[in-house]
Structures are given as structure tokens and as C-alpha cells.
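Visitor: If you want the building blocks of each chain, they are given just below.
Protein chains: 2
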Amino acid sequence: MAEYIESLRLLAERFGRLEGVGKKTAMRMAFSVLELELEDAQAFAQAIMDAREKIHLCPVCQNLTDREICPICSDEERDHGVICVVTDARTVMAMEKVREFRGVYHVLHGLISPMNGITPDKLKIRELLSRVGEGEVEEVIVATNPTVEGEATAMYLSKLLKPLGVRVTRLAYGVPVGADLEYADEITLFRALEGRRDV
Amino acid sequence: MAEYIESLRLLAERFGRLEGVGKKTAMRMAFSVLELELEDAQAFAQAIMDAREKIHLCPVCQNLTDREICPICSDEERDHGVICVVTDARTVMAMEKVREFRGVYHVLHGLISPMNGITPDKLKIRELLSRVGEGEVEEVIVATNPTVEGEATAMYLSKLLKPLGVRVTRLAYGVPVGADLEYADEITLFRALEGRRDV
Numbered sequence: 024m025a026e027y028i029e030s031l032r033l034l035a036e037r038f039g040r041l042e043g044v045g046k047k048t049a050m051r052m053a054f055s056v057l058e059l060e061l062e063d064a065q066a067f068a069q070a071i072m073d074a075r076e077k078i079h080l081c082p083v084c085q086n087l088t089d090r091e092i093c094p095i096c097s098d099e100e101r102d103h104g105v106i107c108v109v110t111d112a113r114t115v116m117a118m119e120k121v122r123e124f125r126g127v128y129h130v131l132h133g134l135i136s137p138m139n140g141i142t143p144d145k146l147k148i149r150e151l152l153s154r155v156g157e158g159e160v161e162e163v164i165v166a167t168n169p170t171v172e173g174e175a176t177a178m179y180l181s182k183l184l185k186p187l188g189v190r191v192t193r194l195a196y197g198v199p200v201g202a203d204l205e206y207a208d209e210i211t212l213f214r215a216l217e218g219r220r221d222v
Numbered sequence: 024m025a026e027y028i029e030s031l032r033l034l035a036e037r038f039g040r041l042e043g044v045g046k047k048t049a050m051r052m053a054f055s056v057l058e059l060e061l062e063d064a065q066a067f068a069q070a071i072m073d074a075r076e077k078i079h080l081c082p083v084c085q086n087l088t089d090r091e092i093c094p095i096c097s098d099e100e101r102d103h104g105v106i107c108v109v110t111d112a113r114t115v116m117a118m119e120k121v122r123e124f125r126g127v128y129h130v131l132h133g134l135i136s137p138m139n140g141i142t143p144d145k146l147k148i149r150e151l152l153s154r155v156g157e158g159e160v161e162e163v164i165v166a167t168n169p170t171v172e173g174e175a176t177a178m179y180l181s182k183l184l185k186p187l188g189v190r191v192t193r194l195a196y197g198v199p200v201g202a203d204l205e206y207a208d209e210i211t212l213f214r215a216l217e218g219r220r221d222v
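Taken in order, these protein sequences are the chains called F and X. Position 74 of the first sequence, counting from 1, maps to 97 under my numbering, and the rest follow consecutively. Position 184 of the second sequence, counting from 1, maps to 207 under my numbering, and the rest follow consecutively.
Hints are computed from structural coordinates only; laboratory data are not their basis. This structure is a prediction, so every number in the text was calculated from the model and none was measured. Please note: incorrect hints may appear among the correct ones.
Identical copies look the same in the list; a pair holds intra-copy or inter-copy alike.
[What the hints assert, rightly or not] Quick list of in silico lysine to any residue cross-link-like pairs, SDA-like style, CA-CA up to 20 Å:
{"#": "1", "residue 1": "K47", "residue 2": "E58"}
{"#": "2", "residue 1": "K77", "residue 2": "A66"}
{"#": "3", "residue 1": "K77", "residue 2": "Q65"}
{"#": "4", "residue 1": "K120", "residue 2": "L216"}
{"#": "5", "residue 1": "K77", "residue 2": "E36"}
{"#": "6", "residue 1": "K182", "residue 2": "I148"}
{"#": "7", "residue 1": "K185", "residue 2": "R219"}
Model the full assembly from the supplied sequences, consistent with the hints where possible.
Guide: Printed below as a string of C-alpha cells:
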């Protein structure tokens, strides 16, 4: 029947382009949209455009934000001498849930992975070095995932950062090896933060 | 962090309203939208509005369509003397995949379920009776799910339809009892169609 309803097929196809959404799920979601009130469908469409148009990278930490400078970077109460380097914006979200980290962040937007064509110049490493180069930073916590690529990226960063006279640490292995930080529970993340060690 | 990015939180909240989408999945999909090209995000928003605005119920069979009369009802090649009654539009899609049924459909938009406040007047039963009342219909295949509510609805319909002098049949129990027709494989649906029996 979707073959007959072009607009339903097109909508399912759009849902299917989102990360982790299969064909059946996409069609189910498209049907779901038909059951929305008209104003809810409008609000949904508007929310997509708003998010896509308003959200950009913070020029300081490269995290996603809808303000000029993100609220974490513009927060005077936070310790701007400690930078926690993370792979993506979702990890910032996970770290913030701990409510124990009072420093700031730097989002790499990926991990070094030559096999997948992700070389260091494709990540926000230049921006990190420039922040540390300004001299106010005392410590960089490299909170990349405890995977091969995460460890390799951490090693790469520590080699670049240490000559700048900054302390480089890594989250303690409270985080289960091989896991994704996004799904770590808050206590595990807190313990990992407490037990951080010099690289 | 989503706490800081209002437009991201709002978008995730919209995804979360769709059937079967949990909080984590909704947030993951919202992040996915941020990675879309601007024109893809626009096309996505437009697809939502198009689907919601263009698709309505076919006045004959009550199935979803974006045309005045749905392509199945307006197909002269099909046998308008045999009506297959289904619960929802998704079941029509599943039945059409069999490519063996050459009759037409009638979509009830639910099953009788007094516990959930779904009384017969909330379904498209009046429209079905009026179609059958026109006298052209020879057989009504009641293809509701083989569940308690599906069976009850089938019994209710057969009591109303039989006095109109029409043959009322039910899909054979080739369909596994307790299952959802939407997920039945095509061969099972085909066998069930072949072995249909009088109620």
C-alpha cells in the first residue's frame, strides 16, 4: 500500500536515513505521524528545522549549542583550567549528568581512525591545541572511549599536549573496557573521574 | 547538555511522541537530524507535513490514501464483490504484498474492545454495512487478528452481515494464533487466504 501512497513512502524513507532506524521502524514511525494532530505534525516539522538551523558548534569547545558561546564555556563558575576532551556531544551529556565535573569540555567530533579515513586533521585537535596554548589550562582529561581508537587518540593527544607543559590525564578504568561512554551509568563515570591517572 | 540546548530537547521530545520510540532512541534520532545536510532536514520537515496533510481516508474503503478514491477501490480490474475487512492500514499493506488477493478492502481502524472504550460505533462498521447493503458484495472476508478482540469483532460483524445475504468468511488459522498480521510472512498470509472458512 505504501507503494500507492507516495507521501507515506517518502516520509518513511526520510525516517530511514536517521542513525539506527531500519525499514520496518521507519514505516511504523511514518504511520505514527499520520495519527498526530495537525498542529503536532507542524510542531514536529518546525522542531526539525529549528534544531538543524539553530544548533551549531561552540567556537570555544566545539560542543553543540544554540547560543553564541555554549553555556558551559560562558559559565564563570566553572574551572576553565581543566579541559575534558570527549569524542562527541553525547558524551558531554553523559558527563554532565554526573554533576561532579566542574571543568570545561572539548569535543573532538570523532576518533583517529586511519582505516576509516579519519586522520587527526579531521578532528577538532587544532582548536584544542590553540586553547591549551593560551596558557590558562592546567590539566587535560582525555575522556575518549576505552577502545583501540580511543586509546590511540589519547596517546596522540598526550604527545602533542605534554610539551605544552600541561598535565594530561585519562579517565580511570572504572569504565568497563570496550564499552561506550554514552551508556555508562553515573556512578561508574563518577568513579572513573575520581581515579583519573597521568598518561 | 540537552538541558542546555532547548531546540535539541524539543526535537527529541517530538520523536518520543511517535509510537514505540523511547527516550534514548528519541535523543539519538534528534542528534541524527543535526548531522543531516540542511536541504535533507528541510525535505524531512516537508515530508512530515506532506504526509500529514495529503493523506486522508478513502471514502469507500476507509484506507489511507493521498488520492480522492484510493487506487485499490478505483481499480476496475479488482473484484469489488469480495471485501477483505482489516483492522488497520498496515494490514492492507501486508495483504497486498501477497499479490494473490484480487478483491477490495475495508479498514475498521481498530477492534471492538469495551475495556478500552472502543465500542462498535467508534469503528468504520457503519460504512461497511452500507457498502454491503448496496447489494454488489458476495463475500466478506473478516481478516482481523486471531486474538480475543479480533475474534470478537469478527463474530460481531458476521452477526450483522449474514442477515444481508452475504457470505462471511474468516482467514484460515494458517496465521499463528496470538500473532500480529502485520508481521506475518507472505506465504503464511497466502495459505491463510486460500483456506478461509465460513463463520
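Visitor: Work down the list of hints and note, for each, if the structure agrees.
Guide: Hints and how they fare:
no. : hint        : verdict
1   : K47 x E58   : within (17 Å within a copy, 22 Å between copies)
2   : K77 x A66   : both (15 Å within a copy, 17 Å between copies)
3   : K77 x Q65   : both (18 Å within a copy, 13 Å between copies)
4   : K120 x L216 : within (13 Å within a copy, 54 Å between copies)
5   : K77 x E36   : between (24 Å within a copy, 17 Å between copies)
6   : K182 x I148 : within (12 Å within a copy, 73 Å between copies)
7   : K185 x R219 : within (16 Å within a copy, 77 Å between copies)
This entry satisfies every hint, going by the numbered hints stated previously.
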